[in-house]
Structures are given as C-alpha cells and as structure tokens.
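Each protein sequence line maps, in turn, to chains Z and P.
Every letter in the first sequence is one number past the one before it in the working numbering, and letter 30, counting from 1, is 217.
Every letter in the second sequence is one number past the one before it in the working numbering, and letter 31, counting from 1, is 45.
Quick caveat, the hints were computed from the structure, so don't treat them as lab data.
What you are looking at is a predicted structure, and each value in this text was computed from that prediction instead of being measured.
Take the hints with a grain of salt, since some may be wrong.
[What the hints assert, rightly or not] Calculated pairs, SDA-like style, for lysine to any residue (alpha carbon to alpha carbon, straight line, at most 25 Å): (1) P:K118 - Z:G250; (2) P:K113 - Z:I241; (3) P:K84 - Z:D283; (4) P:K113 - Z:T273; (5) P:K118 - Z:T192; (6) Z:K196 - Z:N215; (7) P:K65 - Z:D283.
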Amino acid sequence: NAGVTQTPKFQVLKTGQSMTLQCAQDMNHEYMSWYRQDPGMGLRLIHYSVGAGITDQGEVPNGYNVSRSTTEDFPLRLLSAAPSQTSVYFCASSSDRHEQFFGPGTRLTVL
Amino acid sequence: GQQLNQSPQSMFIQEGEDVSMNCTSSSIFNTWLWYKQEPGEGPVLLIALYKAGELTSNGRLTAQFGITRKDSFLNISASIPSDVGIYFCAGRSGGSNYKLTFGKGTLLTVNP
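With the hints as constraints, model all of the structure from the sequences given.
So this is what it looks like as structure tokens:
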C-alpha cells in the first residue's frame, strides 16, 4: 500500500492563478480531508468528505473547492490564488477506527 | 468550538532524559491520537486511545487517555536524537463525527 499520496510536492503560483492539488489513497477509506499548516496555527481543516459524492466545509474553506468523484481521490482546487494561501497543505484519510493518516504534503508559495 | 491546549509549546532536553507533554480540552473527547511530525514530512500516527483511563505504549512512548476524557498525556522515555520533531495531540468528539481537533504541537529538541 502506498497510503496517502500527494502531488505536487512543491508549487509556486502567481496571484490569481488557479491550480489543483492532488490527493489519492489506496486504503479504501471513506473519510478524507484537507488541512493547511501555518506557523503557530497548527493544522486547520479546509474541507472534508465522508464518501464519494459527499463533501463539506471545514474551518477555513474560503478560496478552496473540493470534489469526491471516487473513493480514492480527493483533489483540492484553488480558484484564484492569493498570497494568504501560501502554506503547507496536507491530505489525510481516516480508517473506521478514526485514525487519520496523512500524506507527505504540498508546499505552496503564492507570489 | 472545541479547543485543545497542548503544553509545553517547546522542550529542549538532553539525550537520555524522559519527556512529558499533555493536552487538555474544553469538552469531552471519545478518541485521542498522538502524532509526530518531522521537518518536511506529514504527521505520522504514534498512538491511538479509545477509552477513558486507557494506557498504551509504542516502544519508548506511552500515552494515556485521561479519566475525565478531557485530557491526554504522552511520555517519551530515555530520549534519543531521532525523537526530535513536533508532537501533536488530536481529539475526536465521537459518534459518526470523523473530524479531529488538533493541538498546536510541542516542539521537541534533543541535545546529544
């Protein structure tokens, strides 16, 4: 099992550009989520999904969209990147025992 | 909303020393998880706790689910340099709710 994979590992965008952060898991987990991690702020939940076709907002959803067309994939879209979205983004999936497993992260810089 | 207070924020210790850190919550949790994050990596699950009073070990790490269900503790015995990293606690309120609330982390530095 590869676990949770994320691409790209690094990305630099200009303000106003859009992009999609990819996340995939091969553990057949229903629950998946996206977090951003900023210094001094810990991990903050952006969006989550409890299964294919079902998504919901987390703590900091503005400026981000998600969709869940399959159990395996949960992409995060930045519609119009802003410098405030410079952060490290983590995708996670959760087992039935509510243990969340994290991907390696995407380090995003918005200029 | 739920809040988790994790302390201490940082620790600087000598190799071989024992380490203790804890998390307290303003509300009850049904699951406590402890993670470690190394530079440039994602958090890695260390220990999961499911019952009040539960004490679980993973090598030199021991974690406890507090009796009040509002706190949890992580101890590391005989620290070594590779213990360096940020340790996070996370709690889940229960039922069908998968969402976790995270502490802000404890930065551990081990001096060889």
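We went through each hint and held it up to the structure:
no.: 1; hint: P:K118 - Z:G250; verdict: holds (23 Å)
no.: 2; hint: P:K113 - Z:I241; verdict: holds (15 Å)
no.: 3; hint: P:K84 - Z:D283; verdict: holds (22 Å)
no.: 4; hint: P:K113 - Z:T273; verdict: holds (24 Å)
no.: 5; hint: P:K118 - Z:T192; verdict: holds (24 Å)
no.: 6; hint: Z:K196 - Z:N215; verdict: holds (23 Å)
no.: 7; hint: P:K65 - Z:D283; verdict: holds (16 Å)
Of the numbered hints stated above, none is contradicted by the structure.
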